[in-house]
Each structure stands twice: as C-alpha cells, then as structure tokens.
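Participant: Next come the chains, spelled out residue by residue.
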Amino acid sequence: MELTTVWFVLIAVLWIGYFTLEGFDFGVGMLLPILGTTEKERRVLINTIGPVWDGNEVWLLVAGGATFAAFPEWYATLFSGFYLPLLLILLALIVRGLAFEYRAKRDDDKWRANWDLAIIFGSYVPAILWGVAFANILRGVPIDADMEYAGGFFNLLNPYALLGGTMTTLLFLAHGAMFVSLKTDGPIRREARMLAARIGLVAAAVTVVFLGWTQISTGSVGSAVAFALAAVALLGGLAAVGNGREGWGFLGTFVAIALGVAGLFLALFPDVMPTTLSSGLGLTTTNAAATHYTLRIMTVVAVIFTPLVLVYQGWTYWVFRKRIAVHHIPDLPTPVGNR
Amino acid sequence: MDPLDIARWQFAITTVYHFLFVPITIGLSGIVASYETAWVRTRNPRWLRLTKFFGKLLLINVAIGIVTGIVQEFQFGMNWSDYSRFVGDVFGAPLAIEGLLAFFLESTFLGLWIFGWDRLPAKVHAACIWAVHLGTLFSAYFILAANSWMQHPVGFAFNPETGRAEMNDFGAVMFNKVQLVTFPHVVLSAYLTGAAFVVGVAFWQMTRRGASDEDRGMYRKAVRTGAVVVLVSGLGVAFTGDIQGKIMTEVQPMKMAAAEGLYDTESPAGFSIFTLGSLDGSHEKFAIKIPRLLSFLGTGSPSGEVVGINQLREQYQQTYGSDPGAAYYSAGDYTPTIPLTYWTFRLMIGLGLVAAAAAGWILWATRRQRTPTGRGVLWTAMALPFLPLLANSFGWIFTEMGRQPWAVFGLMTTAQAVSPGVSALEMGLSLVALTLLYAVLAVIEVRLMLTYIRKGAEPAVDLLPLGPPDGDDDDVDRPLAFAY
Chain A
0 MELTTVWFVL
10 IAVLWIGYFT
20 LEGFDFGVGM
30 LLPILGTTEK
40 ERRVLINTIG
50 PVWDGNEVWL
60 LVAGGATFAA
70 FPEWYATLFS
80 GFYLPLLLIL
90 LALIVRGLAF
100 EYRAKRDDDK
110 WRANWDLAII
120 FGSYVPAILW
130 GVAFANILRG
140 VPIDADMEYA
150 GGFFNLLNPY
160 ALLGGTMTTL
170 LFLAHGAMFV
180 SLKTDGPIRR
190 EARMLAARIG
200 LVAAAVTVVF
210 LGWTQISTGS
220 VGSAVAFALA
230 AVALLGGLAA
240 VGNGREGWGF
250 LGTFVAIALG
260 VAGLFLALFP
270 DVMPTTLSSG
280 LGLTTTNAAA
290 THYTLRIMTV
300 VAVIFTPLVL
310 VYQGWTYWVF
320 RKRIAVHHIP
330 DLPTPVGNR
Chain B
0 MDPLDIARWQ
10 FAITTVYHFL
20 FVPITIGLSG
30 IVASYETAWV
40 RTRNPRWLRL
50 TKFFGKLLLI
60 NVAIGIVTGI
70 VQEFQFGMNW
80 SDYSRFVGDV
90 FGAPLAIEGL
100 LAFFLESTFL
110 GLWIFGWDRL
120 PAKVHAACIW
130 AVHLGTLFSA
140 YFILAANSWM
150 QHPVGFAFNP
160 ETGRAEMNDF
170 GAVMFNKVQL
180 VTFPHVVLSA
190 YLTGAAFVVG
200 VAFWQMTRRG
210 ASDEDRGMYR
220 KAVRTGAVVV
230 LVSGLGVAFT
240 GDIQGKIMTE
250 VQPMKMAAAE
260 GLYDTESPAG
270 FSIFTLGSLD
280 GSHEKFAIKI
290 PRLLSFLGTG
300 SPSGEVVGIN
310 QLREQYQQTY
320 GSDPGAAYYS
330 AGDYTPTIPL
340 TYWTFRLMIG
350 LGLVAAAAAG
360 WILWATRRQR
370 TPTGRGVLWT
380 AMALPFLPLL
390 ANSFGWIFTE
400 MGRQPWAVFG
410 LMTTAQAVSP
420 GVSALEMGLS
430 LVALTLLYAV
440 LAVIEVRLML
450 TYIRKGAEPA
460 VDLLPLGPPD
470 GDDDDVDRPL
480 AFAY
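As given, the protein sequences belong to chains A and B, one line each in that order. Numbering-wise (numbering that gives the first Met the number 0), the first sequence opens with residue 0 and increments by one. Numbering-wise (numbering that gives the first Met the number 0), the second sequence opens with residue 0 and increments by one.
Hints were generated in silico from the structure; no laboratory data involved. There is no bait here: all hints are sound.
Derived CB-CB ranges, DEER-like:
1. F385(B) <-> L234(A): 56 to 66 Å
2. D107(A) <-> A459(B): 19 to 29 Å
3. F385(B) <-> D106(A): 28 to 38 Å
Every residue gets a Cβ at the ideal spot worked out from N, C-alpha and C, and that includes glycine.
All chains, please: the whole structure from these sequences, using the hints.
Facilitator: Next comes the structure, spelled out in structure tokens:
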C-alpha cells in the first residue's frame, strides 16, 4: 500500500477513535439536563466521564496534528476554510473542558448552573458542527486553483450538511445514553436505557437517510458495505438495549459510529477535500500529502506508540469500570466550602 | 486592521496566555510527584497533605492549560495556512508526535491520578503523576523542536516544484543545536516557575496568624525545598541562557544585535543595563553600561567583535535580497522592533535574577527554624510567583519578535505566512471572542486559585482513610474518594 493511503487510513482511524470515544462523552454532556434532574444525578452523569473525557479529546488533537504532518495541504485548506465552525468548536471545547474541572470547586448553585450550561453548549456545538464539517468535506466545497477555500460561512449550511449535523448529534445522544445505562445504577440507569432506545430509533432513521444519500452521491462498494454493517450494528444495539443488555447496546452504537465514519472515509477516498469548482483544484491523498520521507518517519512512530496508547487508555476504562449511583456521590462536591 | 496584524495579535495573546499555565504545570507536576513519592516512602502524613493541597492547585491550573492548548494547534491552520502548507512536511511531524506521545500520556494519567486515589495501590498512583510529568516534558521537547526549527531551520531542502520546505533529516530537526539548548532553558525555567509558585503559597500559609506548629513545619518544608529548586534551576536557566545567546549570535545575529540596540559593529562591545532616550541609534541621553559584557555574552570572549544592526542589514540584504516583508514592516530591512527586543531581553534576565535573589533571601530568612515576620520578606515571597511568569513571557516575546520579519528564519516571512483566504472580519471575530473569553477565564481562575490557596492543606485525619485498597474492591456501596 502507498504510504499516502496508509496515512489516509490512519487519519480515518484517529477520527474513528475520536467520534466513538468523545461521541459518548458529548452525549452525556447533552443529556445532562434530561437525565440529570437533581444535582446528585447531574454529578453521577459528569462522574461517569470525569476520568476519561480528556483522554478521549486527545484523539482530536492527534487527528489534527497527524493531518498537519501527513497532509499539510489538507490541514491548511480545511482549517482556514472552515474557519467559523472551527472557532465555535474551539470556544465550545474550552468552556466544556473547564466546566468539568471547575464545576464542583465552589458550593454555589448559580456557579454550578453556569457550568452546566457550559457543558450542555460545549457538547451540542461540536456534536452538531463535526457532522456539518464532515458532510461538507464529502459533498465538496468551492476550492480554487490555489487550494484555498472560496466559499463563505453560509455555503457550509446546506441541507445535506445540516442532515449530517443532525445525524451526529442524534447518534452521540444515543451513544451517550447507552454509556450512561452501562455506567450507572438505579433510576438513572433505567431512564438512560429507555432514552437510548428511543433516541436510537430516531438516530437510526436519520442515519440511514444520510448514509444512503452519501452512498448515492459519492459512495463506493467499500462504503456501501461499511454503511450496511453500521446500520446492522446500530439496530442490533437498539434491540440489545431494549432487552436490557446494556453492554451489547453500547457496543452497537460504538461499532455503528466506527463503521459509519469508516464508510465516510471510504466514500471520500482517494479525495480528501473535493472541490465543486470546475476551475478549482481538489485535494487528494496524493496532491495534499507530505513527502515519502516524512510519512515513513511518522509511520514508524505511529506503529510503535498507537498500540501503547490503546493499552493504557483501555486500562483506564478497566480501572473505572464500576457503575456509579447517586449514593456513591459524596455529599460535598470535593472537600470544599465557599471560601 | 489588516488580517496579518489581527493574526499576529491573536497568536501573541493566545500563546503568551497559554504559556502562563504551561510552566506552572511542568514545574508543579514534578513537585507534586515528588511530594507523593515522599509520602509513599515515608508515610509521613505531611507529604500526603502537601500532595493533595498543591495537587488541587495544579489541577485548577492544568484545566486552563489544556483547553487553551487546543487553540494553539488549530490556529496554525486557521490563521497561518500558507505557513502550514510551506512547513507542514517538517513542522507537522513534531506536532503530531507531541499529540501521540505527550498529550495521551498527560491526559490519560491525569484522569487516573485525579479519580484513582481509592482504585490504585499507592505506588501505582504515584507513578500516574510521574507519567503526567513525563508527558509534560515530552510535550515541551516536541513543541520546542518545532519552534527551534523556525529559529534555525535544518534537516530540510526547499523543493521549488512544490514550493515548500521538505524534511530530509529527522534527526537534525529533533537535535537541532538551538533545540538542544532551548529545551533545558525552558524546562529549567518551568521548574523555577513551579517552585516559585510553591514558595509563595507555602510562605503565606506558614506565616499566617493562627497556623498550628504542625502546619508551620509542613509549609516550612515546602518553602525551603521550593526555594532551593528556584535557586538551582535559576542557575541552570542562566547557564543555558548564556549558551543560547552565543548560539543565537551565530544563527540569528540580528536578534542579538537588536537585544542590545547595537547599531554599529563594536569590539569589544558593552552591554547597557538601562537606556533613556531613543533606541534608534541617533542619540542616547543616559545609559548604564557594563563594558565588554555584550562581547562576552555573544562570543564568549571579552574582546570579541559584535556586529551591529546596520552592518547586518547589509549582510542580510546581500543574502536574502531586498526584504520581502519591508512593505509591511515600517522598520523594514530585516530589522525587528528595537525598543521591544531591547527591553524584553532585559526584563527576562532581570526578573529571573530578582526571582533567584528573592528565593535566596527567603532561604536565609527561614534558616534554623526561623519564621520571619517582617513585611519585606512577606511581600517578596508574595511577589515571587509572578516574577518568573513575567520573565517567561518576556523571553518568548523577545525570541519571537527578535526573529521578525521572519516566521521561519531565512525562509518565510510572517507576512507570507498568513492565511490568504480568511477575511479580516473572521479573524477579528476570532481575536475578540478568544480574548474576551480568556479574560473572563483569567478572572475565574485567579479567584478559584486564591480560594483554594486560602483554604490551605486539609488536616491529615480527613485524608488518611483514603488509603487505597490492597485487595479487590468488595464494598460496592462505598462513596467515591473523589468526585466532580
């Protein structure tokens, strides 16, 4: 396999890691006002992802860094082109990340309510906008002969992209509900299970439409297979959670998101950012790539360190495998007072 | 404002801001890891209390460091897309490796450390914070390797066909001579910063009225060990800084001439501590000068020749042609903004020296179980945490502004690096949004930090039952040891 193809695959893997992992912690954040009706319930929700959300987010940083290194032109066009959505995502991720750490640091309802808003806003915005961004990449955007994005902000808000944003939001909501049902106990667990099945059905409907649309417009044989399996996994997961099998349910949404993203990348290949302008120059795995030398070095580093990361990140999930219920939450947030 | 100006302001604001939190994280994570190791080895509750107390302050600080770091990675592509295209083949690699090696390590083990008090055996728990610290060092290494390449590009060839710099020697990029001295310089200054923070906080707690003897003894330990770290790392910062000055004189002579505002070649050249009047070389009203010091700093010999800005300008014009950024920079002609380089250089060194002196005084004032009560030493200790923070910022402003008009020295100017397709409106929106948000966060962070500093370390009785289980977790209903 060409190294450029290897890196296309690796970047797909990084995004799969990002969406399958941070996908559920976005989901938990979005479900905060729905599943967390009392303060202790909200804290149960936050603490299910407390030890892991930051490690999940690193998948995004590595995906960004790897794109910079392996496909500099892609990184440059994408980040400067999708300027405002990325700015919004940045603002969202900043307040959201701080919210987890700071929310419990003051025993004050107003303070906590503000950080709850930050978590909710900070989870919805990226959940929607990543879907919008990926749909636009697949659909193609105006890129001129200098590989510069030549559309405005509103160009990104087309029906296909908005459907993509709806799909990611619903999938992450379902994925998050599955995770909560797997990681909590008591009433919140039952509610999450019900919610996972309900939102999951809507998510499945939207997903089928979006993936079908994608398959018809840019699909390949490979993407068709991946999409079909993703749909099977999603429906399987929904059936499982309906029967009270939370682990299988979570695995279902996990695999569905993974295969869905894989399918999107298969549909994209060998383009990385196609143009809609006839005079433009679209980006492909070859014309956007770094040199063979750089890709070779990066391959060696990735082959050594990615498995290591998977091992210790997996271990974290093992360490924090216990379910959390309301009675596990200590009374005061942390041993603190107001001043 | 022109998009270039906005992009530069944004880079300056977000980077200086981010780098207030980074050195505290690097230094303090090492110090907290040392406390926890002392606790595991001696089981003296004093160390556990210090681990928990400074650990909490560390986390308040780390949270902002992490989230502002995301902006750093994104803005290369967002605001500096032509830069990204030009250097991605070289510069992207250390950035990607930083993510894979450092960020995963830091954030995963930080999560384990925060929540793992009752889930992990004590030794493993202590190892987690060491892993975080190691992650911060990896992170520093790779990002500084990337920056050093901008200061002194090596290990690449310019490809006229693709119009970009392409890497041909990864080892040369990783072990760039600028990097080999910058890394210890920055990391030692981070230890200095972290330790200065500890000294300031612990000194206040030690001398506050009503502190018990036990607490006094504990904070005294933190004050004195911290002050030693400030002094030792301060020595190291000075030593590496001196080498760095010599290397810089060789690779970027203009930056070092601009550091002194030396317009015409002198041998030997003196170093002015202070100048009043204009720095444009036409007239100086008053200056305190140390003869021969600049020669020594730049060349290692007290009589060495230091080339002046005017001569360098001619040299640069011969080497690189007429300045491609001259139209933009009013100074033009490869000359950075002299007053800025002149003063930031002095403030970096001066504040670093004052910090070391302050630590020395505090060490003296606390000798043989003394608890100083004087106002002077108290205010010195309170000022201490801020000195290295300012020195770090001035250091970065100096080294980045001293490289102007270049983004990548000798290869690409800052004016060429900016995103051509992003409008001033978009960039302005981003600058305003990030600056306002950062300002709000600064207020929140400082207030939270002060709250927790005032609270002080918790009593040992509240902490000790947390001892991690040796066997399997049988009590399923036990509340979490730590919860958000």
